[in-house]
Amino acid sequence: MKIKDKFNFALITCLLLSALAFCIQALIWGLKEPYVFALPIFRDVREVPFADFWHVNYIVHENSPYYGDMASYPPLVLLFALIFVPFADYSKGYETAYTEGFWAEFSLYLFYLVFAFAFSLLLFRILEKKGFSLPSQIAIVVASFFTMGMVYNFERGNFILYALLPALVFYGYYDSEKPIVREISYLCLGISAGIKLYPALFALILLRKKEFFPFLRCVAYTVLALIVPFFFLDRGLANVNQFIRWLVSFAVWQANFGYNYSIANFLGILSSIFGGVPLEEVVTADYNLIAFVCLLLPLLCGLILDKPYKVFLAACVGMILFPNPSFYYSATFLILPLVGLLAERKKDAFDVLYGILFFLVLSPAYLGEVDAANSLYINQFVESFALIGMELLLIVDAAITVFRKRDRIPKHPIRLIKERLKLHIVAD
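With the first letter of the sequence shown counted as 1, position 178 gets the number 177 in numbering that gives the first Met the number 0; the numbers rise by one all the way through.
Don't take each hint at face value.
Claimed, not checked - DEER-style ranges, computed between Cβ atoms:
| # | residue 1 | residue 2 | range |
| --- | --- | --- | --- |
| 1 | 367 | 219 | 17 to 27 Å |
| 2 | 182 | 90 | 42 to 52 Å |
| 3 | 241 | 5 | 46 to 56 Å |
| 4 | 295 | 88 | 16 to 26 Å |
| 5 | 235 | 384 | 45 to 55 Å |
| 6 | 23 | 182 | 17 to 27 Å |
| 7 | 237 | 384 | 43 to 53 Å |
| 8 | 26 | 305 | 36 to 46 Å |
Stated by the list, open to error - No farther apart than 27 Å at their CA atoms in a straight line, the calculated lysine-lysine pairs in the DSS-like style are these:
| # | residue 1 | residue 2 |
| --- | --- | --- |
| 9 | 345 | 209 |
| 10 | 129 | 306 |
| 11 | 91 | 129 |
What the hints contain is simulated information worked out from the structure, not anything from laboratory work.
Using N, Cα and C, we set each Cβ at its ideal position, and we do this for glycine too.
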């Protein structure tokens with residue numbers, strides 16, 4: 000597929016220009032402050048550069064990951080972190096680990112270089128498989144590295160980057176004609192879910208295709224990826240209860256502006272700007288129900304929509320809007336439906352609308368502040384509206400899809416009885 004497609008050209012160009020603007024802004028702000036991510040949007044996370052990377056390694060160094068408040072990562076992440084722990088001194092805490100010399104920095108560079116190489120290789124292969132030309136492949140790969148979710152996770156050094164890799168394998172090969180390749184893709188989805196849990200939602204595509212046994216195998220692989228690593232940790236399966244308690248407590252409201260993409264944050268932004276209502280008063284039990292609906296509705300839409308990229312988008316929107324495992328973290332996975340949208344050969348009005356919303360969510364360019372005291376930026380305001388727009392568009396799209404298929408939907412029994420009675424009377 001050549002980049003002659005006007006829609007593809009426009010969307011990729013906009014993303015690349017946004018990436019260029021971000022780089023220029025980062026350079027200007029970096030001259031003011033000696034920090035690689037000096038933009039104000041990173042203000043509340045830049046005290047400890049690449050904090051998530053150092054924090055995971057510190058937990059593993061302490062050798063007690065599931066005691067007290069240290070239970071904050073799935074076990075597979077902790078095993079993965081063992082590769083990087085020996086390179087730095089964590090005896091003083093994770094906040095200063097990045098200052099411990101050459102080998103500490105080497106471990107960080109290794110973390111990023113391995114990811115960047117693997118991600119580029121996988122994405123190039125998938126784009127080639129989908130028929131993109133080499134210039135298109137290069138443009139999409141570069142643009143992907145500068146999507147907002149990716150930039151944020153690079154700043155955090157979060158292991159979700161490594162959950163993206165097996166998820167990418169699943170996306171590219173779940174429909175392969177070779178059974179062994181499909182099975183490997185199912186295994187990869189299980190590994191991805193074992194690292195960050197919510198990529199398991201991508202198995203929705205298998206339910207949509209009514210491939211129930213492959214779906215169950217994905218579930219089995221996910222369970223194995225979550226359970227087996229416990230055997231390699233101190234106390235083994237005794238950690239499971241603590242992990243589950245952490246998991247339940249984690250899926251609750253996070254009452255702040257910051258980087259939260261959830262429906263709570265969206266409502267909080269609206270209330271604070273237009274109603275003057277303090278955010279803590281906005282976050283109530285009523286909105287917990289709304290949050291659950293915001294997770295459930297996209298998934299239901301995913302079971303209806305025809306185009307595969309929309310099913311992946313529905314899973315992404317669900318995991319992003321559901322609090323608390325959302326933020327820019329899970330927005331990283333929007334790269335999957337973005338590639339699917341670009342790969343569509345025939346695009347309709349809905350595809351164009353999705354493309355606009357993709358750009359609004361993924362653009363990394365800094366747009367300014369709304370409320371500096373609460374770390375509220377125009378970016379988050381725009382992105383929150385765009386994500387709500389994605390959910391509404393998915394709902395409308397699904398409703399229209401059902402309407403178009405109405406002739407294939409069984410008629411309501413009462414209506415069917417009435418029609419048959421009418422036919423009987425006419426016959427008499």
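Hint check:
no., hint, result
1, 367 x 219: 17 to 27 Å, "48 Å, violated"
2, 182 x 90: 42 to 52 Å, "44 Å, holds"
3, 241 x 5: 46 to 56 Å, "54 Å, holds"
4, 295 x 88: 16 to 26 Å, "46 Å, violated"
5, 235 x 384: 45 to 55 Å, "47 Å, holds"
6, 23 x 182: 17 to 27 Å, "46 Å, violated"
7, 237 x 384: 43 to 53 Å, "46 Å, holds"
8, 26 x 305: 36 to 46 Å, "44 Å, holds"
9, 345 x 209, "24 Å, holds"
10, 129 x 306, "15 Å, holds"
11, 91 x 129, "49 Å, violated"
When held up to the earlier numbered hints, the structure conflicts with 1, 4, 6, 11 and fits the remainder.
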